[in-house]
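A.B. asks: Numbering (the UniProt record's numbering), first residue to last: 1 to 1036.
If you are wondering where the hints come from, they were derived from the structure by calculation, not from laboratory data. A hint or two may mislead.
Straight-line Cα separation of at most 25 angstroms, SDA-like style, residue types lysine to any residue; simulated pairs [to be verified]: (1) Lys253 with Leu187; (2) Lys503 with Leu475; (3) Lys40 with Thr24; (4) Lys19 with Gln603; (5) Lys470 with Arg858; (6) Lys966 with Leu992; (7) Lys182 with Glu29; (8) Lys279 with Ala356; (9) Lys678 with Ser586; (10) Lys461 with Met417; (11) Lys435 with Leu702; (12) Lys503 with Asp480; (13) Lys279 with Glu235; (14) Lys685 with Asn567; (15) Lys376 with Cys329; (16) Lys766 with Lys685; (17) Lys442 with Lys678; (18) Lys279 with Ser343; (19) Lys443 with Phe88; (20) Lys443 with Ile139; (21) Lys442 with Leu844.
Just so we're clear, the structure is a prediction, and the values are computed from it rather than from any experiment.
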Amino acid sequence: MAPRLQLEKAAWQWAETVKPEDITHEHIELAYRIAVLACKRGTCRRNCRGNPNCLVGIGEQSWLGEIDENAFHNIDDPNSERRDKNTFVGLTNLGATCYVNTFLQVWFHNLELRRALYRFQNSRAEGHNTDSDYEPRTICEHLQYLFALLQNSNRRYIDPSGLVKALGLDTGQQQDAQEFSKLFLSLLEDTLSKQKDPNLQNVIQQQFCGQFSYVTVCNKCGRESPLPSRFYELELNIQGHKNLTECVTEFLKEEKLDGDNRYYCESCQSKQNATRRIKLQSLPRTLNFQLMRFVFDRQSGHKKKLNTFISFPEVLDMQPFLEGQEEKCTYELSAVLIHRGVSAYSGHYIAHVRDAHTNDWYKFNDEEIEKMEGKKLQLGIEEDIAETAKSQTRKPKCSKGYHCSRNAYMLVYKQQMEEIDQTETNIEVPAFLQKLVDQDNKKFEEWCNEMADMRKQSVDKGKAKHEEVKELYELLPAEDGQSYEFVPLEWLKKWLDDSTAIKEIDNSQFLCSHGKLHPDNIAEVKRISSKAADLLFGRYGGISRLGQSSLCRDCVTQRCRVIRLKNQLNEDYREVMNLVKAPLKSDESGFWIGKASLRSWRQLALDQLEEDEEETKHNSSKVNGERSSSSGSKADGDNEERDGEEMKNFNEDILCYHGGLSIIENDRRVVSAEVWNKLRMYFPKAPEFPQTHESCQQCMRLEREGKENEALNRMMANEQKSSLLNLFQEKNRPTLQKWPQDTDVLYIVPHYFVDEWRKFIRRPAKGNPVSSVGNSILLCPHGGFMFTYDSMLQGDAQHIALLWPAEWEVISRMFLVDQVISICRIHDKTQDNGIVQYQTHPDLCRECREGFIFQQQRDMREYAQATVYVRKVIDKKRMIKESAPEFSVSGSDVEDEREEPKIDGENDPDFSQSEGGAKRQKLNETGSFSVAPVTAASKSGIRRSTRHRKLRGEKALIVSANQTLKELKIQIMHAFSVAPFDQNLSIDGRCLTDDSATLGSLGVIPESIICLKADEPIADYAAMDDVYQVCMPEEI
C-alpha cells in the first residue's frame, strides 16, 4: 500500500469502533494527522503529501548549503558578446540569411573593394550628429557602414538587418545564392558608376569583370564571327567531371552547328555548318567560379543538388585557357563557399576565407568564426559528407596543393602579384566612419555595463533571499505542544522557487462549509509553527489563516458516520438480498421497488453517503468518479428504455413522467416491509409506493388512446396501400424519357412526399400518417413551376415523382393538395414531322428559373475542396484506359451502372460534356419545350448512372474555385510526373492557357473532366527553372 493510503487509513481507523457522539479532541487530531512524525532530510525522495508535518522536498534543497552565484540570475556574461583579440566579427543569421552572410564576408576580405567603398562619398555619414543613431539609406551606405563595423567593432557579431531590409529580402525564405551574388554586384556597380571618382566608378569591373567572345566559324568559307561579352563569374557544369580543369575545359569546348541548327553566314549568304566556342580574352583580378550544383530534375519536377566531389587547386594557372596569352596568369585560392545539406531547397551556407594580411584561413559560420590551424584550408568533415547514408561515397584522394569538396558551390581566386606592397593590405577606416563605429562601440559598452548591473542586482537579491529562506526554514517545523498554523503546500513551493512571483497566502480553497479546514484537504497544506506563520503573513500578506481552532469537529463527525454506515452496508446488503428471496406472506402488504434499483442499491447507497459528505465542503463541485444527486423525480427517457440508463436516484426507475407509479409492471416487484425499512435507512427521500397504490391514471389513459390511434393508422395504411399499390412498390412508373402512349397528362408531386408516405405505410404504428401534399415547394414565389422538361430529364428528376391520372384521383381524394401540378404532351397535328411539345401547369416562371440556374452556376464556381478528374491523352482523342473500369457496385446498383458500349470514351456522357451544359437553357416564347423524336437507342429504357466512372489512368484531384491554373498544374505534375510547361489542358474542347486565372473563372466545376496532353520532353534546364519557380524553404 502506498504511504499516502497508509496514512489515510491510519488517520480514520478509530472511526470503526467510536460512535459519532463519542468523538473527542484526540480523535480529531488523529483525523488531521497532527501527531504524525515529521520526515528528516535525506529520508524522502519527494515530499510526503499525506503527512502535513513533512517539509522535505518542497524546493528547499537549492537554498540550503553553499550556492553558486550564477544560480541567482539567468543573464549571460555580457563579455561573451565581446570580440576576441585578433579575430574577425561575425554576422547574425536573421532566419534564413546565411547565404547573404557568406557573400558579405567574402566581399569584406576583398581589400580593393573595401578600400573603394570607404572612399564612397557619404555626406549623411560625414555630417551625422552622434546624439542620434545613424541610419543608412542607400545600399552603398549600408555596405560601407557594415564593413567599418566588421573591421573595428567591439562586438563579437553584428546585425545586418539594415542591409537585408534595404535589399528587400525575405528573412524567412532562403533565396538562390548564386542569383543573389549576381544581382547584388550589378546593383553595386550601377550605384558606384555614378560617383565622380573614376577609380570608384570602375572598381566592380576591375575586380570582378572579365571578357570573352562567342566565336562562330563557318565551315565553308572559314569566316569568324566574334560576339564580345562581359562576365562577372564563370558558371561551370560539374556533372560528369572530377576537377576544376575539366569543368573549365568543357566550358570552352567547341560546339558544332549543323542540321536545323545551322549558322547563317553573311559571306556565303546562306545557312552553313559551323563551329562555335567561347574564347577568354581577359580575366579580372578576382575570378569567381560558380559550380552548378543545383539542376532541374525532370522526373521529380524539382531542383536537386549534385553532391559530386570536385577537386580544385590552391594555385590555378589560367594561361592555357586564355587566347593569345603568353605570360603567366596565376591565381591563388582566396575563398570557398560551402552549401551544407543534400537538398536544393534547404541547407546551410558557410564560407572559408583566407586573410590577406596573415594568409590564415578562417571559417565564417554566421556568428561563429573559427581559425584554421597551420594556415591551411580545412574543409572539415561536416562540410563534405552528405547527411544520408545512400549518398555517401568515398572521398577521393587529393594531391598536395589540391582540395576536394562535394558541397563547394563557389570558388574565389585572387590574381597573384609579383610584389605585394604591405601598405596595400593595411586599410584604415575613414574618420567619419570611425566616429560612427565608436558611437556603436559606446552603445555596446553601455549595454555591457547595464547587463553587469542587472546580474549584480539579481545576485544581491538572491543572496538576500538565501538568508531569508535559511532563517525561515529553520522556524517552519512545529514542535510538540507549540501553537501551529496551516499554509498551502503549493504556496511554499512557489516561495522557494525564485523564478515565480510570490502572491499572498490564500487558504480559502481548503475551507469546508463550516468555515474551517476540511479533513480531505490536509494533503494540500503543511503544518508550520505560529512564529514562522506570523513572519510569512507579515511579509507577504494573506487571508483565511488556519490555526489550531480550524480543525472541524462537524466534518470529522460526518466522516465517522459515513465510515460506520459503509462498514454496515455489506452486512445489510447480504440480509436484504436474503429477505428478497423469501416469498411474501399472504396477509402481508409490501412495497413496490424498481428491479434496476434493487440490483444496484448498494452502489447507490455508497454514492449517497459520499454525496452527504460532499455537502460539508465549501463548494459544491464533485471529485472525480462521483455522481451528483438529482433533485427531480422524473426519468430522462421512455419507460421501455429506462433499463439501459444510468441510475441516479433510488427507486426512480418506477416513476412515470407525471411523478406517479409506472404502468410497466415488468420493471418493478413487491418487497416486504422489513426490506423496505432497511432500504429507507440509506434512501430516506426515495419515492414510496405501497403494494395497493394504483398506477398513474394519466399514463393508463394515454396508453388506451395510443392503442386506438395505432389501430386507426393501420386501417388507414392498408386502405392507402391497396389504392396506390404500384406507387408503394414502385412498379409500372411513368417516365419522361419514355412517355406512355395511353395518356397525354401526368401529375407531379414532391419526391419527399412519396418517401414519407412509404415510411408510414411500412410502419404505421411507429409514425404519423401523411395528411397533405405540399406541392408549393416546387413553385416559385409567383406561383410558377421551377423546372423545365429538359432539367427533369437530367438532375432535377430527383426532386419530383410522376403519377398516373388514376393515381392522382386517389391522391386528391385521400390527401389535402395545396396546388395541382401536371405536365401535358401536345401533338402538333398540322405538322407531319413528329414534333411534340410539353407544357406544365402552372406555367414555367422564366424569371425565377433563370435566377435559380444563375444561383446554381455561381455555387458551382464558388466551391472549396471539390473533386475534378484528369485524363491523360496519348493522341488527340484516345485516352489511357483499360477494358475494366475501376469501380464496384452492389446488387442493387448493377442496373444503374449498366451502359451502352462506347468507342474510346468519345460517347461517354461524362467525358464528352456538351459545351452548353453550364449555360442557361433557352426557352421559347410559350414557355413550352420542343424535342426531336426519341431515338431507337434511347427507347431501350436503360437508365444511365449519374455517378462518375473512374477509368484506369485517370486521377482525381481536390481543388478549390479560387485556386489558379498554375497551382493546378503543380498538382498534375506531382500526379502524372509531367512538368507544368509540358502540360496542355482542355475541358469541353476549350484550352486552358491562362496560368494566373482561377479555376472558377475558367469554368472548371466540381466533377469536371480535364484532358491532359503532354508535350515531348525538352533538355533546356534553364527554361525549366524559369517556368517552375519554387521558393526555397527555410534553412535547416
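A.B. asks: Work down the list of hints and note, for each, if the structure agrees.
C.D. replies: Structure-based check of each hint:
1. Using a Cα cut-off of 25 angstroms, the hinted pair Lys253 and Leu187 is violated, with the two alpha carbons roughly 32 angstroms apart.
2. Simply put, Lys503 and Leu475 have alpha-carbon atoms about 21 angstroms apart, close enough for the 25 angstroms limit, and the pair holds.
3. Distance hint between Lys40 and Thr24 is unfulfilled; the C-alpha atoms sit about 30 angstroms from each other, more than 25 angstroms.
4. In summary, the hint linking Lys19 to Gln603 is supported, as the alpha carbons are separated by about 24 angstroms, within the 25 angstroms threshold.
5. At most 25 angstroms may separate the alpha-carbon atoms for a hinted pair to count; Lys470 and Arg858 exceed this at roughly 76 angstroms.
6. For the suggested pair Lys966 and Leu992, the alpha carbons sit about 10 angstroms apart, so the restraint of at most 25 angstroms is met.
7. Taking the CA atoms of Lys182 and Glu29, the gap is near 85 angstroms; set against the 25 angstroms cutoff, the hint is violated.
8. Of the pairs offered as hints, the one joining Lys279 and Ala356 is violated, with about 31 angstroms between alpha carbons and a cut-off of 25 angstroms exceeded.
9. At roughly 21 angstroms between alpha-carbon atoms, Lys678 and Ser586 fall within 25 angstroms of each other, so this suggested pair holds.
10. Only pairs whose Cα atoms come within 25 angstroms are accepted, and Lys461 paired with Met417 is rejected, the gap being roughly 62 angstroms.
11. Only pairs whose Cα atoms come within 25 angstroms are accepted, and Lys435 paired with Leu702 is rejected, the gap being roughly 100 angstroms.
12. As the CA atoms of Lys503 and Asp480 are separated by approximately 30 angstroms, the hinted pair breaks the 25 angstroms bound.
13. In summary, the hint linking Lys279 to Glu235 is supported, as the alpha carbons are separated by about 15 angstroms, within the 25 angstroms threshold.
14. This hinted pair checks out: Lys685 and Asn567 have alpha carbons roughly 22 angstroms apart, not beyond 25 angstroms.
15. Pair hint Lys376 plus Cys329 holds up; C-alpha atoms about 23 angstroms apart against a cutoff of 25 angstroms.
16. At roughly 37 angstroms between alpha-carbon atoms, Lys766 and Lys685 are farther apart than 25 angstroms, so this suggested pair is violated.
17. About 90 angstroms separates the Cα atoms of Lys442 and Lys678, which puts this hinted pair outside 25 angstroms; it is violated.
18. With a C-alpha separation of about 34 angstroms, the suggested pair Lys279 and Ser343 falls outside the 25 angstroms cut-off, and the hint is violated.
19. For a cut-off of 25 angstroms, the pair hint linking Lys443 to Phe88 stands: about 20 angstroms separates their Cα positions.
20. The straight-line distance between the Cα atoms of Lys443 and Ile139 is roughly 24 angstroms, inside the 25 angstroms bound, and the hint therefore holds.
21. With a C-alpha separation of about 86 angstroms, the suggested pair Lys442 and Leu844 falls outside the 25 angstroms cut-off, and the hint is violated.
When the structure is compared with the earlier hints, violations turn up for hints 1, 3, 5, 7, 8, 10, 11, 12, 16, 17, 18, 21 and for no others.
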